[in-house]
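Peer 1: Hints in hand, dock the two standalone chains.
Protein sequences appear in the order of chains A and B. Our numbering numbers the first residue of the first sequence as 1 and each following residue consecutively. Our numbering numbers the first residue of the second sequence as 1 and each following residue consecutively.
Just so you know, the hints here were simulated from the structure itself, not pulled from any lab data. Heads up, the beta-carbon is just placed ideally off N, CA and C, and yes, glycines get one too. Honestly, I wouldn't trust all of these hints.
To be verified - Capping the alpha-carbon separation at 27 Å, the derived lysine-lysine pairs in DSSO-like fashion look like this: (1) A/Lys607 - B/Lys62; (2) B/Lys134 - B/Lys177; (3) B/Lys94 - A/Lys53; (4) A/Lys33 - B/Lys87; (5) B/Lys179 - B/Lys147; (6) A/Lys97 - B/Lys85; (7) B/Lys62 - A/Lys563; (8) A/Lys255 - B/Lys134; (9) A/Lys657 - B/Lys87; (10) A/Lys255 - B/Lys101; (11) A/Lys607 - B/Lys179; (12) B/Lys175 - A/Lys657; (13) B/Lys134 - A/Lys607; (14) B/Lys31 - A/Lys44; (15) A/Lys254 - B/Lys31; (16) A/Lys53 - A/Lys83; (17) A/Lys53 - B/Lys85; (18) A/Lys23 - A/Lys33; (19) A/Lys53 - B/Lys31; (20) A/Lys83 - B/Lys62; (21) A/Lys560 - B/Lys134.
Claimed, not checked - So, partial list: chain A residues that the calculated Cβ filter (under 8 Å) puts toward chain B: (22) Tyr47; (23) Ser239; (24) Gly242.
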Amino acid sequence: MFRINLYLSVLLFLPAVLLAQHKISGKVTDNKKHPLPGVNVYIKGSYDGATSKADGSFTFTTTEAGERILAATLSGYQPLEIKINTESGEQLSIILKNAANALRVVTISAGSFEASDDKKGTVLKPLDIVTTAGAGADIVNAIKTLPGAQQTNDREGLFVRGGTGYETQTLIDGMLVRNPFSSSLPDVPGRGRFSPFLFKGTTFSSGGYSAQYGQALSSALVLESTDLPQRSSSSVGLSVIGASAGVENLSRDKKSSWGVEGDYTNLAPYFQVMKPKQTPNLGPEIIGTSLNFRRKTSSTGLLKFYGYGNWSRMGFSSPSIEYPGDMESYQVRNGNIYTNMTYRENLGKDWRIYVGASFSNNRDNIATDTLGKNQTPADIRVRSSLSQSRVMLTRNIGQFSAVRFGGEYQYATEQFSFNQRPFNYADNYTAAFAEGDIYFTPSFVGRVGGRAEYTSVLAKMNIAPRVSLAYKMDNYSQFSVAYGDYYQKPEPQYIRFDHGLGYMKATHYIVSYQRVASDYTFRTELFYKQYADLVKTVPYYSNNGKGYAKGIEVFWRDRKSIKNVDYWISYSYLDTKRDYLNYPKEVQPDFAATHTASLVYKHFFPKLSTNLGLTYTFATGRPYYNPNLPADKFMSDKTIDYHALGVSASYLTTIRKAFTIFVLSVSNAPGNKQVFGYRYSSDGLRRGEITPNVPRFIFLGMFMNFGIDRRQDVINNL
Amino acid sequence: MKRLLLSLFMIGGLATVAVAQSAQYQDAMSKQVADLDSSSSFAPDALVAKINTFERIAEAEKTQWLPYYYAAYCQVMSCFVGQDKGKIDEVADKAAANLDKAETLNPKSSEVACIRSLVASARLMVDPASRGMKYGMEAGQQIELAKTYNAENPRVYLLLGQSLLFTPEQFGGSKSKAKVMLETALQKYAAFKPESAIAPHWGEPYAKELLSKAQ
Numbered sequence: 001m002f003r004i005n006l007y008l009s010v011l012l013f014l015p016a017v018l019l020a021q022h023k024i025s026g027k028v029t030d031n032k033k034h035p036l037p038g039v040n041v042y043i044k045g046s047y048d049g050a051t052s053k054a055d056g057s058f059t060f061t062t063t064e065a066g067e068r069i070l071a072a073t074l075s076g077y078q079p080l081e082i083k084i085n086t087e088s089g090e091q092l093s094i095i096l097k098n099a100a101n102a103l104r105v106v107t108i109s110a111g112s113f114e115a116s117d118d119k120k121g122t123v124l125k126p127l128d129i130v131t132t133a134g135a136g137a138d139i140v141n142a143i144k145t146l147p148g149a150q151q152t153n154d155r156e157g158l159f160v161r162g163g164t165g166y167e168t169q170t171l172i173d174g175m176l177v178r179n180p181f182s183s184s185l186p187d188v189p190g191r192g193r194f195s196p197f198l199f200k201g202t203t204f205s206s207g208g209y210s211a212q213y214g215q216a217l218s219s220a221l222v223l224e225s226t227d228l229p230q231r232s233s234s235s236v237g238l239s240v241i242g243a244s245a246g247v248e249n250l251s252r253d254k255k256s257s258w259g260v261e262g263d264y265t266n267l268a269p270y271f272q273v274m275k276p277k278q279t280p281n282l283g284p285e286i287i288g289t290s291l292n293f294r295r296k297t298s299s300t301g302l303l304k305f306y307g308y309g310n311w312s313r314m315g316f317s318s319p320s321i322e323y324p325g326d327m328e329s330y331q332v333r334n335g336n337i338y339t340n341m342t343y344r345e346n347l348g349k350d351w352r353i354y355v356g357a358s359f360s361n362n363r364d365n366i367a368t369d370t371l372g373k374n375q376t377p378a379d380i381r382v383r384s385s386l387s388q389s390r391v392m393l394t395r396n397i398g399q400f401s402a403v404r405f406g407g408e409y410q411y412a413t414e415q416f417s418f419n420q421r422p423f424n425y426a427d428n429y430t431a432a433f434a435e436g437d438i439y440f441t442p443s444f445v446g447r448v449g450g451r452a453e454y455t456s457v458l459a460k461m462n463i464a465p466r467v468s469l470a471y472k473m474d475n476y477s478q479f480s481v482a483y484g485d486y487y488q489k490p491e492p493q494y495i496r497f498d499h500g501l502g503y504m505k506a507t508h509y510i511v512s513y514q515r516v517a518s519d520y521t522f523r524t525e526l527f528y529k530q531y532a533d534l535v536k537t538v539p540y541y542s543n544n545g546k547g548y549a550k551g552i553e554v555f556w557r558d559r560k561s562i563k564n565v566d567y568w569i570s571y572s573y574l575d576t577k578r579d580y581l582n583y584p585k586e587v588q589p590d591f592a593a594t595h596t597a598s599l600v601y602k603h604f605f606p607k608l609s610t611n612l613g614l615t616y617t618f619a620t621g622r623p624y625y626n627p628n629l630p631a632d633k634f635m636s637d638k639t640i641d642y643h644a645l646g647v648s649a650s651y652l653t654t655i656r657k658a659f660t661i662f663v664l665s666v667s668n669a670p671g672n673k674q675v676f677g678y679r680y681s682s683d684g685l686r687r688g689e690i691t692p693n694v695p696r697f698i699f700l701g702m703f704m705n706f707g708i709d710r711r712q713d714v715i716n717n718l
Numbered sequence: 001m002k003r004l005l006l007s008l009f010m011i012g013g014l015a016t017v018a019v020a021q022s023a024q025y026q027d028a029m030s031k032q033v034a035d036l037d038s039s040s041s042f043a044p045d046a047l048v049a050k051i052n053t054f055e056r057i058a059e060a061e062k063t064q065w066l067p068y069y070y071a072a073y074c075q076v077m078s079c080f081v082g083q084d085k086g087k088i089d090e091v092a093d094k095a096a097a098n099l100d101k102a103e104t105l106n107p108k109s110s111e112v113a114c115i116r117s118l119v120a121s122a123r124l125m126v127d128p129a130s131r132g133m134k135y136g137m138e139a140g141q142q143i144e145l146a147k148t149y150n151a152e153n154p155r156v157y158l159l160l161g162q163s164l165l166f167t168p169e170q171f172g173g174s175k176s177k178a179k180v181m182l183e184t185a186l187q188k189y190a191a192f193k194p195e196s197a198i199a200p201h202w203g204e205p206y207a208k209e210l211l212s213k214a215q
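If we strip away everything but chain B, and leave its shape as in the complex, we get (with noise of 0.2 Å):
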């Protein structure tokens, strides 16, 4: 609906500097969001490329949160594919800028205390043994904040079924949980409606392939 009336906006020729500025916005955002779940887009160097251009987005919309938000969101992801450890604290802190940006203009989001979950996951991938009970603590306070802010997000799903399928289950994570987590994840993802074509959306395919590994 939104989409449609954009285009009639448009098209009803009342394309200002302005209008043309938001034609843009949307442009290169969903440019940028339509593939963020394919592999391809994993790639170190893909990453950095997105996450300037996110950043370049960011800094000439400065009241849109969706750039500050998915510029955090491939920092995080970043920081899980690159090899040298000694490069997430940078990059974290980083990402954690991005996301203070993005909660000042979309308070209490689900969307971005789930990317604070993942940005403490990574901290702790620093050093688990002795970071873990820190960012440990944080990356569960953090998923819990995203599902009292909205309970019908798919991805606080997502995250707690990966965090149970990757918990030993000495300490309460099992395959069986996790599957049970992931099939709640599935369905709510099947019943997520994005407020956008922009708004986050990502995380489907993953949880999917997360769930074979629980089966």
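Pulled out of the complex, with its shape left as it was, chain A reads as follows (with noise of 0.2 Å):
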């Protein structure tokens, strides 16, 4: 009824020159001439309009007369106006311009990882790092996983692309981690000292990285913690190791937060079930603890503070080689805190500003009796602290272009001292760097930028430029080259000796095709790095060292196809040959290995509320030096290629109002053999394998958080 009588209405009262229909009709199109449906092509001010159809036509009928201006709008194109005659009749044509809009946009992508929660097309999620079966929820761990990096399991560190774990530089929010794993025995590696649940996102910049960053002749790892929590919430762990609890705070007004972490971990009850090679003489026990605070200062100033503070003490015995029949004991009491604090604002429109400092300080006390029989142990000591700030300045230009310069210091000290003779150092670093990423189209970008360097205990300097080019082809692939220069100051062990030393140096080229979707991503890289001015021990300390890597990576990860099941593949070919420290001549080093390959599965069970993961890792065997070959032979045997099948299970519930999940998950679950390498006596007749401490390590453990209502954080694809 009440249409009707609006209908009359209308009728009754409207001036009838008002109501001259008029039909608009038209096709649109694309500037490649694809019709676009969905267009919505209506006049201003009006509500007269249609939505175009599949063909890209549109037919609609209008009272307005005479010039008008037609509008044509779809998302992902730029609007259009065009002042048209609704008398006229004609069939009109329109096209639109694909708009410049952010998620189209290329990015620098060539030789690196990005983990972020909030960036678009990133290939791992921060919370793939815990779910990773056999990475024990370590972040190097899980890394170990993406193309580039080495299953280098009997030591620490980050090995990429045929550099050592020293070439690999950790950052937490742009400032240096000096010591990011725990201390270690021989052929134990350390863990990484930091929670992932720290960090919303991380990246794995394999080659080619930004002069942002330096001192890393291979590969940074840049990890950028979390801002102010959702909520407050408390936390408690218990497992077959150890112990933790921690506690969130946020603030009422919403702005600011605190919280305070602590663990403990006694793997003595555990190698009393599950015997390791090795026997423990010194705990191994840990305690860490963690404080953090953030405070948003404005809509877009956040001040971060975070600080860490771990120690531990561990020891084993182990048969000797050198005399049979004897045991050796390796024993270290580690002492290690880290504290940054970083502020971040936007200082009007287009200038924004970040500000850093960290103070860390790292002691080790050795005491071993490896070196020779019937020996009182030697008593080594190292400690080591950093302080560093950092500034940087970077300038938004047009809609994505932007600039960013800024400098750093920092002031190392290295103090180490064996049976008391104290070799001790410091030194001053300084550099300045300057960065444009600048887009000559939304589909193509460079990154041109350079650093300059000077340590005072070289007392060198060096400018390292760098260069990166991305180019988008379509909505979903990109092609990508690198190139930049790196430096890096030797070790403290050889600088310690020799402070005539000077840079090692790495040029990296870098070519890389990805094609990114939503359920999928595909990723190829193909590098060449070349490694200048490596420091040579033999015949005496110098930087004659020279060598290369160059090989193929590709990465697919696919979450789609399978349901409830998300699955990565990785794999790496590298050659690579070095020469360096006491090698007679260019070799492949004992820390690479040619083909390296994994597959990460996670299968998640809604009905059982159970993420079912595996991840299996393959590497071919690695160079090992046989002291009874001659010299032409040096590094010429390898060892057995390696398998490792991690499993792990996660069950999720609540009990009472607290989020719960059980985790059982096992490290090479099939308790395959797996050799590193060997250590030889110094004779030459006897020698000793490398492998894993246990050879299958077990985990169980329960994490129970308060407040915080984390259900949805595991729900998959319900």
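Peer 2: Structure (structure tokens):
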């Protein structure tokens, strides 16, 4: 009834001229003449309009007479407005141009894998690190399933593209972490010190990285800590090797937060049951604490503080190779603190500032009698500290381009004593960098920059140019190239004996292609890396070393093809040789395997609320030094291939109000024999295998979280 | 009553252009809103057409909150029916922008908060594993907010019931709890008097459908 009335009233009272109906019709295409469906075509200021059909055609009638503005809008395209005469009756042909929208813009990607919640098209999410079987919730172990990284499980560190662990730097919020791994025992790698839950983003750069970072010949692991938590919460964890507890408090105005965490790990009871190859004679025992503070200083300003302290003691006895029948002991007591404070703020419309400061101190007291028979144990003390400050300014230019520049200063002390004999030094390091991300078009970007560094202990400076280009071919694929020079100081153990050394140098060349859609990722990279000025210790300390690494890497991740399954496959081929340290010639080093592959498989069973994870890693045998071979056969023997299958299952539930996860994980589940190398007696007659201390590690734990409702965290594809 | 007044008003011969505009508004809106509960409206093409129409009306009637509200509603629904997860964020951004405008014109609206909750759920769907915590919480908070603004809004209970139905029992969801909630929703629907013919009134058939699943 109402509608009839309405029409009647309109008919009765409106002047006839307004009722004249004009037909507007036409077709919308893009600039390549492809029809565009879904376009909103209308007369501005009126309701009259239509949505274009699959063939781009549209038609509607309007009572608006004369000259009017016709508008056409579609997301992803620049809106168009044209003047038309509604009475002309012509067939309109409308062409919309692509909009330079942030989602479609190309980004620099050569050489890096990003894991982040907020960035588009990232290949690995922070949660993936925790749910990767076999990784034991260790960031670096999870990163090792990506192409470019080696499966070096007999020493800590991330060995990337023919580089050593020393050649990878770890950064938290842009600040360097001098000791990212806990102190280790010979042949037993230390774990990463930082919990994956601290970070909202991780970038694993296997080469060609930004001029923002220096002193890393091979790789940078850039960790970005979380901002303010969503809500206050507390958590407890219990496992077969220890316990942990934490509190996170968000202020009422949601502008600041603090968090405290503590954990205690004691492996001694575990080792009583699961006998390790080497017998513990101290600990292993670890106490860790951390403290964080966040403060939103304005709508765009954020101040973050993170502090960490860790104390450990561990020692093992193992049968001596040098003196059969004897036992050798190695004990280490470690104390480590790390703190950093960063502040970010927007200065006006186009400028941003970042300021950071950090301090860290690491102390290792080592007692070892592995060096000679019936000797009092050698007393080795290593203490290193690092203070760092950093400033960076960023200026946006136009819609997407930006330049950034800044500088940093580091003061480092290295103290070392062997049976009270000291070898100490201090270093002042200064660096300045400038870099621009210049968008020639939204699909073509160049990053050009450089870094200048000076270090007082070497009394030398260097200038490192870096260039990356990326071109986006369509919405999903892009092609990138990168080039850069990278310099790094030699390891402290060489500088401390010879201050006349110079920088080591690596030059990277990378070509990469990637295709990223919402449910799958494909990447492949070809790289060539040239090493120069590597440290040699034989016949005397020098920078006469050299080498190269080249290879191809492939990565495939698929979250769609199999329901409730997410898997990724990495493959790396590496051809590398280097002449460094005591090597008599250029050979494949003992940390490099020619072929490395990983398969990570995650299956979620919604009905059981259980996540099952499998990680299989494979690497071909690595070279080792056999003193019984002639010098021309140096490092020609290879270990057996490496196979590892990690299995994990996590059951998610709630106990009262607490979100609870039970985790069972087993490393090297089938118990495959793994040999990382051999250790020979000085006469070359006896040798011992370097194998994992426990062939298979079984972890059972329970984690409870109160306050935070994390249930959605794990509800996959329901 | 309002309808009658409006008709009388118009028949009374006061048809200025302004009134014609408003009649045109009522007419256009009621045409679009009438079939919002029918499944044919949720075909992707039909939704795009509806979004475009609501946005056209919104642009012409900058003082009305409903066109913005409905444009956002259709946008968020298109996230749920569309297959391309890669587009959800883009559409959700547009819906959020429309909701911001609707909210400025009609602050503290229970209906707007309900759609905000749906927008958060849509964003969550893009990557439940890593976005769950942030957006799951936001979706929950918005429903709570919607309830405090208007505890009689049946859509609050519909959304709560839906969430309970699709949450596993280990995490506090259950069919029986969902059933209770959806029954409450239906009672509220029966009692609910929309402010006008074009005020939000969607969801009752969907509540019934969910209730049959909860049995």
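Peer 1: Mind checking the alpha carbons of A/Lys23 and A/Lys33 for me, to see if they're no more than 27 Å apart?
Peer 2: 24 Å, holds
Peer 1: Given A/Tyr47 as an interface hint, is its Cβ closer than 8 Å to any Cβ of chain B?
Peer 2: 5 Å, holds
Peer 1: Within a Cα-Cα threshold of 27 Å, do A/Lys53 and B/Lys85 meet the stated pairing?
Peer 2: 22 Å, holds
Peer 1: What's the verdict on A/Lys657 and B/Lys87, does the C-alpha distance respect the 27 Å limit or exceed it?
Peer 2: Not satisfied, since the Cα-Cα distance of roughly 35 Å exceeds 27 Å.
Peer 1: Has the given pair, A/Lys53 with A/Lys83, been kept, meaning a C-alpha gap of at most 27 Å?
Peer 2: 22 Å, holds
Peer 1: Can you confirm whether the C-alpha distance between A/Lys607 and B/Lys179 stays at or below 27 Å?
Peer 2: Measuring from Cα to Cα gives roughly 20 Å; hence the hint holds.
Peer 1: Are B/Lys62 and A/Lys563 close enough, with their CA atoms no more than 27 Å apart?
Peer 2: 45 Å, violated
Peer 1: Check the hint pairing B/Lys31 with A/Lys44 against an upper bound of 27 Å on the C-alpha distance.
Peer 2: Given pair B/Lys31, A/Lys44 holds - Cα atoms ~20 Å apart, limit 27 Å.
Peer 1: Holds or violated: A/Lys607 and B/Lys62, Cα atoms, limit 27 Å.
Peer 2: 48 Å, violated
Peer 1: Keeping to a limit of 27 Å between CA atoms, is the pair of A/Lys97 and B/Lys85 held or broken?
Peer 2: 24 Å, holds
Peer 1: Within a Cα-Cα threshold of 27 Å, do A/Lys255 and B/Lys134 meet the stated pairing?
Peer 2: Given that 27 Å is the threshold and the Cα spacing comes to 17 Å, the pair holds.
Peer 1: Using Cβ atoms only, decide whether A/Ser239 comes closer than 8 Å to chain B, and label the hint accordingly.
Peer 2: Since chain B brings no Cβ nearer than about 21 Å to A/Ser239, farther than 8 Å, the hint is violated.
Checked against the numbered hints listed earlier, the structure breaks hints 1, 7, 9, 15, 23, 24; every other hint is satisfied.
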